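Chains A and B are the protein sequences, given in the same order. Here the working numbering is used: the first residue of the first sequence is 1, the next is one more, and so on. Here the working numbering is used: the first residue of the second sequence is 1, the next is one more, and so on.
Please keep in mind that the hints were generated in silico from the structure rather than gathered at the bench. The hints are all genuine.
Computed from the model, here is a short list of chain A residues facing chain B with C-beta under 7 Å:
| # | residue |
| --- | --- |
| 1 | 198 |
| 2 | 199 |
| 3 | 200 |
| 4 | 267 |
| 5 | 271 |
| 6 | 288 |
| 7 | 289 |
If you want the footprint, here are the derived chain B segments under chain A, 3+ residues with CB under 8 Å:
| # | region |
| --- | --- |
| 8 | 96–104 |
| 9 | 109–117 |
Quick caveat, the model's predicted, so the values are computed rather than measured. Glycine residues also receive a C-beta, built at the ideal position from the N, C-alpha and C atoms.
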Amino acid sequence: MAGEKKAGAEKKTGDKKAAEAKPAEKKGGEKKLREKTRKPKKHHASRNPVLARGIGRYSRSAMYARKAMYKRKYTAPETKIEKKKKERPPATITKPVGGDKNGGSRVVKVRKMPRYYPTEDVPRKLLSHGKKPFSQHKRKLRASITPGTVLILLTGRHRGKRVVFLKQLATGLLLVTGPLAINRVPLRRAHQKFVIATSTKVDINGVRIPKHLTDAYFKKKRLRKPKHQEGEIFDTEKEKYEITEQRKTDQKAVDTQILARIKKVPQLRGYLRSTFCLSNGVYPHKLVF
Amino acid sequence: VFKRFVEIGRVAFVSFGPHAGKLVAIVDVIDQNRALVDGPCSGVRRQAMPFKCMQLTDFVLKFPHSARQKCVRLAWEKENINEKWAATRWAKKIEAREKKAKMTDFDRYKVMKAKKMRNRIIKHEMKKLLKQASKKGKKLQKAQK
Numbered sequence: 001m002a003g004e005k006k007a008g009a010e011k012k013t014g015d016k017k018a019a020e021a022k023p024a025e026k027k028g029g030e031k032k033l034r035e036k037t038r039k040p041k042k043h044h045a046s047r048n049p050v051l052a053r054g055i056g057r058y059s060r061s062a063m064y065a066r067k068a069m070y071k072r073k074y075t076a077p078e079t080k081i082e083k084k085k086k087e088r089p090p091a092t093i094t095k096p097v098g099g100d101k102n103g104g105s106r107v108v109k110v111r112k113m114p115r116y117y118p119t120e121d122v123p124r125k126l127l128s129h130g131k132k133p134f135s136q137h138k139r140k141l142r143a144s145i146t147p148g149t150v151l152i153l154l155t156g157r158h159r160g161k162r163v164v165f166l167k168q169l170a171t172g173l174l175l176v177t178g179p180l181a182i183n184r185v186p187l188r189r190a191h192q193k194f195v196i197a198t199s200t201k202v203d204i205n206g207v208r209i210p211k212h213l214t215d216a217y218f219k220k221k222r223l224r225k226p227k228h229q230e231g232e233i234f235d236t237e238k239e240k241y242e243i244t245e246q247r248k249t250d251q252k253a254v255d256t257q258i259l260a261r262i263k264k265v266p267q268l269r270g271y272l273r274s275t276f277c278l279s280n281g282v283y284p285h286k287l288v289f
Numbered sequence: 001v002f003k004r005f006v007e008i009g010r011v012a013f014v015s016f017g018p019h020a021g022k023l024v025a026i027v028d029v030i031d032q033n034r035a036l037v038d039g040p041c042s043g044v045r046r047q048a049m050p051f052k053c054m055q056l057t058d059f060v061l062k063f064p065h066s067a068r069q070k071c072v073r074l075a076w077e078k079e080n081i082n083e084k085w086a087a088t089r090w091a092k093k094i095e096a097r098e099k100k101a102k103m104t105d106f107d108r109y110k111v112m113k114a115k116k117m118r119n120r121i122i123k124h125e126m127k128k129l130l131k132q133a134s135k136k137g138k139k140l141q142k143a144q145k
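With the rest of the complex left out, here is chain B (with noise of 0.2 Å):
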């Protein structure tokens, strides 16, 4: 049922508070509500930080409980985190909410008429693709008669 869990170090996404949208790893856990937690590569100090604030990825790194920072940085490095963080879906979705949000009217207007091309360019591909089923259609019934 559950995949990803809690342990040492799981990179987490930081969804809200003052380091909202970073990567962090798990270095230790404090008590039930906080772990401590440390992000040597996309700027985030190490700090106690409370689990509601964190959403587990599918990333795990490999050094022992409160390893300091230069070890969880050379895992980081090791893993590729960031590069890998980049590729998945997860982060390209967020870049494409954040894009999104930043248009402009004119940026607004192109997108508009992109769409409008491109739903146009499907529609008539979509239309011979029904012409050619009817015509298919026709042909079986008449061979059947």
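Next up, chain A with everything else stripped away, as it sits in the complex (with noise of 0.2 Å):
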């Protein structure tokens, strides 16, 4: 009879282990499908009817009950703040000090007290709108200027000279090559104001600029470090601008995708030698460009 009902047992245990296996795999199948298809719960309506305007039928403790907050209370996650709080540096440090009898350490505070507080306090500054730091302003490229138009610059040590326009960098300049082997204007920065742009245009639709050629790429280097008094301040600055092999590598890059472009245009690179120049009877403000 043990026998019989250990075995039955058994053979139950294992029925059920089975039968467990199967609707556990159910389960989980049916949660996972459950997951997937999850209805969005649909928000009840206010539970709170108005009987004017601004003036509901159940008070903030009635609404309380009906709303089930208490069933509703959530924390945020502690662990976070627990972190924090772990995290904090330090208040104080010790630090070794020198001398005899001198007890060799002290404990010195990391954030210090002010020294000085001004008889009146700053006022406070008015709110100001709109105000907005260089890096954030609105670039704006006059419609006449896209990419491949030859601009004639008007500033500068290249003035004269006409030149293709490559794109608009960051903080507004306009990146311009020469090509340095027409007229030895190598890539460079214009300003928009100080060039005028004719309508001769250069397809430049496939020219790949290496994205490296950023303002900072560009940006005058200036050495700071005057450890010397004056008389030697005039020679650790850069007397004599030297031209990196990097900025050959690039200048090379991007002017022989360019030159074969200009060569396809016939004058087109006479046209970027010469130099433009008023002379008697030629008035600017006639002038199409």
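Can you join these two chains into the complex? Each is in its own frame, and there are hints to help.
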């Protein structure tokens, strides 16, 4: 009898296990399905009918009960706060101190009290609106200037030269190139205001301009470490500008692409080699560029 | 002394005003200063126009005074004024002036190069001829001696 029971029990447990396994699988499967096809919970309409505008039927405490807020108590995840409490930097530091009979070290506060309080507090500044730093200004570009346009530079050491426009940089300056082989203007920045845009355009459709050509790349570098006073300051600053190898490779990379396109247009190369000048009877306001 | 007269059918060129640059035919004379004018094939409605803004051309059409627009148009198209006008030096000069004003910077460069080349060729030929002439002169001098 016992044996039978045991066998029976084993069988049952075996079956149960199998049975449990099956519904477990099913449940798991169902859960997965449920999770995937969970319907968005419909939000109940307001449980506080309106008597007049701004006045509800039930008080705050009644609403608390009606909305079952006693069931819905949420706390923010505590672990982050606990972590931050743990991670706080120490308030004091012990530092070694030299000298005899000094005790060897002192306990020093890391964040010290201010050593000076002004007699009058600094007045609060009024709120201003729309005053953005230069980096967030809106950059505009004239409609006549598109990639591939031939521009005439008006200022700088390359004044009067005709040059090909590549793109507008993040500060709003125009990236421009001679190309170098044509008129000795390297990859350079030009200011939109000091440039005449002609209506001649070179097709720069597939030209790839390297992405590292940004304002930081072109910015003038100045040394700032006047350790020596007066006499030697002038020596440390860069007297002569040296062309880095990187500039040469970048120039080559861009120019080969552009030169190919310039050669396709007859006389364009000679045009870019020439300089712009005014003469008698030539009035800029009457010229069509 | 005067070769072009204001008469019915005279084609005139409007030099200034709202219809500047167009051709009109004089249909009738209103008073000392104005004429009734019509330009069916040049986009000018029949209207009064002062003589001052008209410049007379060589063309005269044949239609009676105060003829309606249809007649003016027929006469105009019969004489083919539009084509004749385009062939005149006057019209060509106007066109050249307009083209020059529209020149872009690149065009100006191309013109400059073309002129330069042309002048070089001319100078070259000129020098050749001068050389020949001087050679001839020398030969004559020698012969005379």
